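Participant: Protein chains in written order, with the working numbering: chain X, 1 to 188; chain P, 1001 to 1188; chain W, 2001 to 2188; chain E, 3001 to 3188.
In short, the hints are calculated from the structure, not lab data. Computed from a predicted structure; not experimentally measured. Heads up, a few of these hints could be off.
Unchecked claim - Pulled from the structure, derived: some chain E residues nowhere near chain X, Cβ distances all over 10 Å:
no.	residue
1	M3001
2	A3035
3	R3072
4	L3082
5	F3113
6	L3114
7	G3171
8	V3175
9	V3176
10	R3183
Stated by the list, open to error - Not the full set, but computed from the structure, chain W residues with beta-carbon under 8 Å of chain P:
no.	residue
11	A2008
12	A2012
13	V2018
14	L2025
15	R2027
16	P2028
17	P2031
18	L2033
19	F2050
20	H2061
21	I2063
22	S2177
23	D2178
24	V2180
Every residue, glycine too, gets a C-beta built ideally from N, C-alpha and C.
Protein chains: 4
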Amino acid sequence: MNKERLVAFTDAIIAIVVTLLVLDLPRPDGPTLHAIIADWRNFIIYIATFFLIMVVWYNHHIIFTNAKKINRTTYWLNSIWLLLQSFIPFSASWLSEYPTSSVPGFFYVVVTFLWAVSFQLLDRNLEKLNPDLVMPNRYAFPLLYLSYLLEAILFIFIPILAVAVTPIMAGGIVVVSDFVEKRHARHN
Amino acid sequence: MNKERLVAFTDAIIAIVVTLLVLDLPRPDGPTLHAIIADWRNFIIYIATFFLIMVVWYNHHIIFTNAKKINRTTYWLNSIWLLLQSFIPFSASWLSEYPTSSVPGFFYVVVTFLWAVSFQLLDRNLEKLNPDLVMPNRYAFPLLYLSYLLEAILFIFIPILAVAVTPIMAGGIVVVSDFVEKRHARHN
Amino acid sequence: MNKERLVAFTDAIIAIVVTLLVLDLPRPDGPTLHAIIADWRNFIIYIATFFLIMVVWYNHHIIFTNAKKINRTTYWLNSIWLLLQSFIPFSASWLSEYPTSSVPGFFYVVVTFLWAVSFQLLDRNLEKLNPDLVMPNRYAFPLLYLSYLLEAILFIFIPILAVAVTPIMAGGIVVVSDFVEKRHARHN
Amino acid sequence: MNKERLVAFTDAIIAIVVTLLVLDLPRPDGPTLHAIIADWRNFIIYIATFFLIMVVWYNHHIIFTNAKKINRTTYWLNSIWLLLQSFIPFSASWLSEYPTSSVPGFFYVVVTFLWAVSFQLLDRNLEKLNPDLVMPNRYAFPLLYLSYLLEAILFIFIPILAVAVTPIMAGGIVVVSDFVEKRHARHN
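Isolated chain X, as found in the complex (with noise of 0.2 Å):
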């Protein structure tokens, strides 16, 4: 496998489901700001999703980029973790379309869950070709499982504040692993 052709498909990919997202937001019913108002919960759903995607791929971003070695497996739970990927524009759709109700957003945690277990797979095979690549923070995935729960739960409860959750709780992982890492360098 060629690293450097397989994270340019990938990055263009991920480049056109985040651009699509935007596709999905309603155009407003007339030309007054209290029709653009109306679709508040649709811009918060994008925005959100938007900042989780931007997330991942840094996090994409800094794995490949200290993995030396890839093989076929690697390109095979990419494929998985970008199938499930498609599936957001959809399910963020769904979801803007009844804001509050909780299957949709069930629906959301579902696929942005798998999508972050596929992730994990895909870091775990990385860290089996390169063992010099150890992610700076063990507990990034249980948090963000945890994050998922939370997020899970709130659906039930205020659904318009569940979709912000997991992208606050990536972002915070981000930088504490970051902060880690840093500390780590120092030491060293």
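Knowing the structure of chain X, use the given hints to seat chains P, W and E on it.
Facilitator: For chains P, W and E alone, kept in the frame of chain X given last:
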């Protein structure tokens, strides 16, 4: 011809085609589990088509990575291959709308079959230009064509299973070819 | 200007434009062979436009690969060329809806003609900056413009044949130019 | 951060955004010249927005080509910039539907203004990390913000002219900056 630019251009088109597929997944008719399960046929068609394209990308990647020389004919064969590939979302979308009819199924088989034939022509062109480039599995294309025949027959009786035949067969060929290649590498 | 980044950006836009074309193919009105054959005009328009863009990509590729120097004017001429190109899916879509009317046909000719003119300006800019870069076929642009005239006339009488004129002519020019270039290379 | 991968990813998103713009051009209501001329306002909005994005790509290109160092903050500022950019097709589409109303016009000004602010933050981050990287024109951002104010005022009186203000002003700033940079280079 600059191989890198051609490959990057081709990858961008494949990335868009594979992502457009998901746009044709119908949005569920309500915020219920029942509404999303009702579209299960579309999910199978989507996932099977996604993996078919991913298997083919893998092979395209292999032959272009190994090829050192390409010429103007390579470009045109690659363009025909891309044209046929661009009919896949169209054909998958038609099939999704009528998942139990056989004509859209046959059309899907014909499109993906012609796409495979154009890939074989592309492969032959590259093998001629690069005599070292021998595909490890000489049965790959005959087996692939057999799977299309099987798929066409299944579209008469159990349409929904039919779409899965070719990705599974193509995936199997990749695994076997890879195994043959490794054994071959060990012996030399 | 960084040539590589400009070329990659341009290629991404061309890849999206060529793939958006297929989105405008109307889905057949039923699961029958008759329904898909009813749209034969749209298929011809689609395939002709696809190949027209592929021929032009090939030429864009040639001049940019050979050019060593580019400047700010190159960027703006390339942007105008991309703007005109972005009207092609729009124009092909309008033509597809009224394949037997001549106004959408003339509009298609005007759009692709202006696109060719902007390409000639881009070519001249690159030839000035890179005196070594001489297009092998000095009749290429006059012949291309003649083909647009022919196409415009055909749109009055046999609209459906008209769209095929320019890709065939442009393809012919590529083949001839390539032949001239090879003979030229052999003589020097 | 790998600068090349970030730049390629960003370019793919810009390429998609600029191409999605054309999808919102309404198809003419018939095969007549009158039908296509009826949409002249949408063409102006489309062309102005296309050039605005192209001018900004040019500047993004300049600062990233010159910058040698980037960090995590660069990534997040770039992501915020991309998020705001993704609202441009949405906002241009709303404006296209109500080209004579001022609220969609103000929204368009606000979106492109915030987008410019996020670009200035990105520029400052890169200037801090790369002390050699000094933008040639220190009046660029104040002039740009002035043009937004002018545009907002014009949206009250002559909405259709308003969209053209910022691309023209931004283009002018590029030309002037370029001139200053060249003179500066000659003097040193």
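Participant: Hint by hint, say whether it matches the structure.
Facilitator: We went through each hint and held it up to the structure:
1. At roughly 7 Å from the closest C-beta of chain X, the C-beta of E:M3001 falls inside 10 Å, breaking its exclusion from the interface.
2. At roughly 22 Å from the closest C-beta of chain X, the C-beta of E:A3035 stays outside 10 Å, upholding its exclusion from the interface.
3. Against the 10 Å criterion, E:R3072 falls within the reach of chain X, whose nearest CB is about 6 Å from its own CB.
4. Its closest Cβ contact with chain X, about 8 Å, brings E:L3082 to no more than 10 Å, contrary to its assignment away from the interface.
5. Look at E:F3113: its CB is around 16 Å from the nearest CB on chain X, clear of 10 Å, so calling it non-interface holds up.
6. Even its closest Cβ contact with chain X, about 13 Å, leaves E:L3114 beyond 10 Å, as expected for a residue assigned away from the interface.
7. Listed as a non-interface residue, E:G3171 keeps its Cβ farther than 10 Å from every Cβ of chain X; the least gap is roughly 25 Å.
8. The Cβ of E:V3175 lies farther than 10 Å from every Cβ of chain X, with a closest approach of about 30 Å, so its non-interface assignment holds.
9. The non-interface label for E:V3176 is consistent with chain X: the shortest C-beta to C-beta separation is roughly 32 Å, beyond 10 Å.
10. Listed as a non-interface residue, E:R3183 keeps its Cβ farther than 10 Å from every Cβ of chain X; the least gap is roughly 38 Å.
11. Taking 8 Å as the C-beta contact cut-off toward chain P, the hint placing W:A2008 at the interface holds, the least distance being around 7 Å.
12. Taking 8 Å as the C-beta contact cut-off toward chain P, the hint placing W:A2012 at the interface holds, the least distance being around 5 Å.
13. For W:V2018, the shortest C-beta to C-beta distance to chain P is roughly 7 Å, which falls under 8 Å, so the interface hint holds.
14. Annotation: W:L2025 was flagged as interfacial toward chain P, and the flag holds, the nearest CB pair being 5 Å apart, inside 8 Å.
15. Hint status for W:R2027: holds, given a least beta-carbon distance of 6 Å to chain P, under 8 Å.
16. Below 8 Å, beta-carbon pairs count as interface contacts, and W:P2028 has one with chain P at about 6 Å; its hint therefore holds.
17. Satisfaction of the interface hint for W:P2031 is found here, the shortest Cβ-Cβ separation to chain P being roughly 3 Å, below the 8 Å cut-off.
18. Taken as an interface hint, W:L2033 checks out: its beta carbon lies about 6 Å from the nearest beta carbon of chain P, inside 8 Å.
19. Because the beta carbon of W:F2050 sits about 5 Å from the nearest beta carbon in chain P, less than 8 Å, this interface hint is met.
20. Checking W:H2061 against chain P by beta carbon gives a least distance of about 6 Å; that is within 8 Å, so the hint holds.
21. The beta carbon of W:I2063 comes no nearer than 12 Å to any beta carbon in chain P, farther than 8 Å, and the hint placing it at the interface is violated.
22. A hinted interface residue such as W:S2177 counts as satisfied when its beta carbon comes closer than 8 Å to some beta carbon of chain P; here the least separation is about 11 Å, so the hint is violated.
23. Interface restraint check: W:D2178 against chain P, minimum CB-CB distance 6 Å, threshold 8 Å, status holds.
24. Evaluation of the W:V2180 hint against chain P yields a violated restraint, the C-beta minimum of about 14 Å exceeding 8 Å.
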